[in-house]
Amino acid sequence: MSERKRLKFESRRKARREMEKREREEIEGWIGGEESAGEMLSRVSSVRPFLFPPPLHRVPLRVGNVLELVGPSPSAKTHILIHAAITALLPKHYGGLDHFVLFLDLDCRFDIARFSQLLLHRITEDGTRHCDQTLYDLCMARFLYARCYDTFQFLHTLRTLHCRLEKEKQVHGVGVHLLLIDSIGAFHWMDRASMFLSQRENNKKKLFLQTVSEAVVQNIRKLLQVHPMLVIATKSVIFGNKYSTSSNELKGNMEERCSRNVTRNHQTFQYREYMPSVWQSFVTHRILVRSSDDHPVATNYQNSSFYLLEWLLPRLNFADKIVVKDAGVFLDS
Amino acid sequence: MAPLKSLEKEYPLIDSNFQSFCSSHGIFSVEDFLLHDLDALIAFADNHPTSQTLKQGIDQLLSTIDALQPPLLNGLQLLEDAQRNKHVLLTGCERIDALLGGGLREGQLTELVGPSSSGKTQACLLSASTVAKHNSSVIYLDTGNSFSPQRIASFVGQSSGHVFDNQVDHILKKVLDRIICYSVFDVYQMFDVLHQLKSNLRSEIVKSNQHVRLLIVDSISSLITPILGGSGPQGHALMISAGFLLKKLAHENNIAVLVTNHVVGGEDGISKPALGESWKSVPHVRLLFSRDFGSNVCHISVLKHPSMASARAASSTLYL
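Residue numbers (my numbering), protein chains in the order written: chain Z, 1 to 333; chain C, 1 to 320.
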């Protein structure tokens, strides 16, 4: 009896020791790592770099990032979206990123004629290059567009995008790597008012706005898992803008207006954040675009508007000046 | 969107078993279904004894929603649609047409902003008469009894030029026949008229000379301003949904929509367009009208236009 017990005890002890040894090896292997930081950087940067030309050039962006362009209307937000889209559509030897682009138009104001004009400008580089019709057709065919008139259409579009994008990928062999949403706050007022009409009697008592935003974020996340994309969304300011009043009161109104160039550039633009926190935490990068107050006295550009572009997240403490001309969006140096 | 019960008659798969399964997850209507996490629902359905029929019910529901789904178009299809269907309508005044880049574009919402008696209604009447002269119907929603057949007659008479009197009468009769004027005095009446128009356009087979090509709302701000304000979001929600309804009508039926708006005082005493920040993202094109006191000269500038890089460069003066 005692012999058998002893043997059992021994075998159990051996098994335990083996398990401990395996665990230790596993933990050591995990601590040791599979590759060094340098190796990982070189691997990641060669796989999917996103190098956008100005004005989005300050911070590197890659798939999985969500960039939000905030600004009062009118600012150059949609133009910046189109600019990014054209960069993504063009093949590599034209300086592009060579993949499909999906544009979800929630504002329902997209003008395809202007898009076509900007694409032509980019292809011909203002007349210096010959316009290639097949290239133009290829780029236009790579631009996918859907418009939604209310939140439920938007949710359903997001949900069914997976199958449609899968189909496109199989047909053309190139995937969608850029998702543009214009603008994410388009249905905000309608969703806010809906909470009074909702007949749900569940105990959670969540606001309709909150529920909708969670559903939107969840659907985009699921889509990103299957089709990794960079998401750029515009958001307009809907609560009126107030320049910080402290500098006004200090200098007094008359002096304020005389010394425009000095003071206005340093005013902080305050806007009220109205998107629910679930969207705010989903956003990884943020840019503020607003119109510039100093107009150059001698306008060399006849048909152009000036805007200030500032990175809020990650915070860069300077503002780029951009100009929107007939030919597109450029950095104003 | 309907509660699930109402779909039972048409789609037998959505039976009481399916409905009770959905209610156990808090889904009572199609809207709730869209908001719910679909993968989690399918996982729950898997564990249910009648999983096959439940999943078929889910598929059925998804396909009925699919029917209302906007299609995914590519750039070439969009451009073709814009070039083939979305024509440019002349307003009758060359200067305004030049500012608009050709004229009022079908599928777009154009807004005329300006203080009172700055020429907005005149511009609307002129556009209505010009479009009606070119064999198209015009729908005019008049909120302030400003529609004037006499003015239309004078516009037609001016543009007819060297034509005999009885022919002018004949043309005038046709033009006035094609302008359908509704008096609306509150925003709900406007919604009624627009929904009626939407269902008419969807179902009717119209003769070519009765196609509605222009929809004018003069002025939309007098309908919306009374409901804005107050602490709730309903006023703004109605304004934004009116904007979406107009844009949907414009895009799907190839209609140009023209609305007028007034101005309010802003900071530093500079006037700004009424209806606030949220309205700014609704119209495609915004024109600012102004008139010097006591003069005939009307000054118009472009505030926003999708095809123009800058607003500052374009402005014009004319006599209206």
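Among the hints, erroneous ones may be present.
List of simulated lysine-lysine pairs, DSSO-like, C-alpha gap at most 30 Å [stated by the list, open to error]:
| # | chain 1 | residue 1 | chain 2 | residue 2 |
| --- | --- | --- | --- | --- |
| 1 | Z | K167 | C | K55 |
| 2 | C | K86 | Z | K325 |
| 3 | C | K280 | Z | K321 |
| 4 | C | K174 | C | K248 |
| 5 | C | K55 | Z | K222 |
| 6 | Z | K325 | C | K280 |
No wet-lab data here; the hints were simulated from the structure.
How the hints compare with the structure:
no., hint, verdict
1, K167/Z to K55/C, "holds (23 Å)"
2, K86/C to K325/Z, "holds (25 Å)"
3, K280/C to K321/Z, "holds (23 Å)"
4, K174/C to K248/C, "holds (29 Å)"
5, K55/C to K222/Z, "holds (20 Å)"
6, K325/Z to K280/C, "holds (21 Å)"
Checked against the numbered hints above, the structure breaks none of them.
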